[in-house]
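Following the hints, position chain G against chain B.
Protein chains: 2
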Amino acid sequence: MKEKGLLIVVSGPSGAGKGTICQEFMKSHPDCALSVSATTRAPREGEVHGVNYFFLSHDEFKKKIDEDGFLEHAIFCENYYGTPKDEVLRMIESGKNVILEIEVQGALQVRSHYPEAVFVFVIPPSLEELEERLRGRGTESDEVIAKRLERAKAEFNYVPKYNYILVNDTVNDAVKRLEAIITAEKCVMTRNYKSIEENFIER
Amino acid sequence: MKEKGLLIVVSGPSGAGKGTICQEFMKSHPDCALSVSATTRAPREGEVHGVNYFFLSHDEFKKKIDEDGFLEHAIFCENYYGTPKDEVLRMIESGKNVILEIEVQGALQVRSHYPEAVFVFVIPPSLEELEERLRGRGTESDEVIAKRLERAKAEFNYVPKYNYILVNDTVNDAVKRLEAIITAEKCVMTRNYKSIEENFIER
Numbered sequence: 002m003k004e005k006g007l008l009i010v011v012s013g014p015s016g017a018g019k020g021t022i023c024q025e026f027m028k029s030h031p032d033c034a035l036s037v038s039a040t041t042r043a044p045r046e047g048e049v050h051g052v053n054y055f056f057l058s059h060d061e062f063k064k065k066i067d068e069d070g071f072l073e074h075a076i077f078c079e080n081y082y083g084t085p086k087d088e089v090l091r092m093i094e095s096g097k098n099v100i101l102e103i104e105v106q107g108a109l110q111v112r113s114h115y116p117e118a119v120f121v122f123v124i125p126p127s128l129e130e131l132e133e134r135l136r137g138r139g140t141e142s143d144e145v146i147a148k149r150l151e152r153a154k155a156e157f158n159y160v161p162k163y164n165y166i167l168v169n170d171t172v173n174d175a176v177k178r179l180e181a182i183i184t185a186e187k188c189v190m191t192r193n194y195k196s197i198e199e200n201f202i203e204r
Numbered sequence: 002m003k004e005k006g007l008l009i010v011v012s013g014p015s016g017a018g019k020g021t022i023c024q025e026f027m028k029s030h031p032d033c034a035l036s037v038s039a040t041t042r043a044p045r046e047g048e049v050h051g052v053n054y055f056f057l058s059h060d061e062f063k064k065k066i067d068e069d070g071f072l073e074h075a076i077f078c079e080n081y082y083g084t085p086k087d088e089v090l091r092m093i094e095s096g097k098n099v100i101l102e103i104e105v106q107g108a109l110q111v112r113s114h115y116p117e118a119v120f121v122f123v124i125p126p127s128l129e130e131l132e133e134r135l136r137g138r139g140t141e142s143d144e145v146i147a148k149r150l151e152r153a154k155a156e157f158n159y160v161p162k163y164n165y166i167l168v169n170d171t172v173n174d175a176v177k178r179l180e181a182i183i184t185a186e187k188c189v190m191t192r193n194y195k196s197i198e199e200n201f202i203e204r
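Top to bottom, those sequences are chains B and G. Just so it is clear: in the first sequence, position 188 is 189 by our numbering, and no numbers are missing. Just so it is clear: in the second sequence, position 9 is 10 by our numbering, and no numbers are missing.
Any given hint might turn out to be false.
No more than 30 Å apart at the CA atoms, straight line, and that leaves these computed lysine-lysine pairs for DSSO-like [unchecked claim]:
hint, chain 1, residue 1, chain 2, residue 2
1, B, Lys3, G, Lys154
2, G, Lys154, B, Lys5
3, B, Lys3, B, Lys154
4, G, Lys187, B, Lys5
5, B, Lys162, G, Lys148
6, G, Lys154, B, Lys195
7, G, Lys177, B, Lys195
8, B, Lys177, G, Lys187
9, B, Lys195, B, Lys162
10, G, Lys154, B, Lys177
11, G, Lys177, G, Lys162
12, G, Lys5, B, Lys154
13, B, Lys3, B, Lys28
14, G, Lys195, B, Lys154
15, B, Lys154, G, Lys3
16, G, Lys65, B, Lys187
17, G, Lys187, B, Lys187
18, B, Lys3, G, Lys177
19, B, Lys64, B, Lys5
20, G, Lys148, B, Lys195
21, G, Lys162, B, Lys162
22, B, Lys162, B, Lys5
23, G, Lys187, G, Lys5
24, B, Lys97, B, Lys5
Simulated DEER-style distance windows between Cβ atoms [as the list claims (entries may be wrong)]:
hint, chain 1, residue 1, chain 2, residue 2, range
25, G, Gly96, B, Ala155, 29 to 39 Å
26, G, Phe77, B, Asp32, 40 to 50 Å
27, G, Val145, B, Thr191, 32 to 42 Å
28, G, Phe77, B, Gln106, 29 to 39 Å
29, G, Pro44, B, Ser196, 38 to 48 Å
30, B, Lys177, G, Glu199, 17 to 27 Å
31, G, Asp69, B, Phe77, 54 to 64 Å
32, G, Gly139, B, Leu109, 50 to 60 Å
33, B, Leu109, G, Lys148, 47 to 57 Å
34, B, Ser196, G, Gly96, 34 to 44 Å
35, G, Ile76, B, Gln106, 48 to 58 Å
Worth flagging that the hints you see were computed from the coordinates, not collected in a lab. None of these values were measured; they are calculated from a predicted model. For each residue, glycine too, the CB sits at the ideal point set by N, CA and C.
Extracted from the complex, chain B is given alone in its bound form (with noise of 0.2 Å):
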């Protein structure tokens, strides 16, 4: 029997890394796979289907959502985004583990959906630290990273709904700690014990 792979969700506040640490995990783990949203805007130039989004009509979507086939979805600037359900489910059962990386609300949709999923939150190493990242960009006015900061801030509020908290110190230590979590769930009791009961106890 082919082991199921794990769905692992990554949120955090905008500028404490997630992207990063999803992207340089990807390049060492050719047995995970990034989730592909599903979109109603328009492909952008450069853009491929399938491969950085699946580019839905608004009809297609909405029927999706009938169908009760997204893990989870959302409305932003009146596009439709969301995680096709069957895409990832697939995946999963083909033994792949399934990075989705999404901000809190989505992934509280997920959890609905997908409860076994594993809930990982990305922290700053300090609020300091977050807000010289938000700086660094160089591009955002003194406005607009305050904003961003409030935003983070009122993120951390929904860290009891993670399973894990990964400190961004380093993007190479918060790999290997990604790494880790993956490793060790897969030994979580409750996901072998029915193998340990088909093969180690008798009735």
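Chain G in isolation, oriented as in the chain B frame:
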């Protein structure tokens, strides 16, 4: 603030290889410590107080029981054996991860005294492999091996009391997974929430 260490309780049937895993693990982890038991039995040649065991008189042991000084204790062949609480907690407070190799009944006692411990159950790849390993020692009669196997099978009923299953396919891989479990447990949300609340969440 110094980060507290973890108490890792390792159990598993005789022949599963928990002793070998713990010893191999310790070789590469000077930041961890193996818990040293107390006993009332007489020291054997070469055994050193505080290294192999803490050797106590019956009166000393009983006094310590009355003072709730053990994480667990038991009587075996008319001698007391137990895990001194102060010693273990002192090491944990100093930041050391403490490995406690112990049978299932003792593990249950530890859990009632220290529920935040991490409980790991070591299993062989299969019952056939377990029997082979028990036979491989070459020192026991068929009858003794049959009894050990029966006892091992009985111990599998305690699996649901543990947090993790460590399949001992190869010692090397099992040690790596034990390392991952410890790393992941340090990231567990509930172990970090207090610090996040203090540093990231405004009231």
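Taking each numbered hint in turn, which are not upheld by the structure, reported in ascending numerical order? 3, 5, 10, 16 and 28
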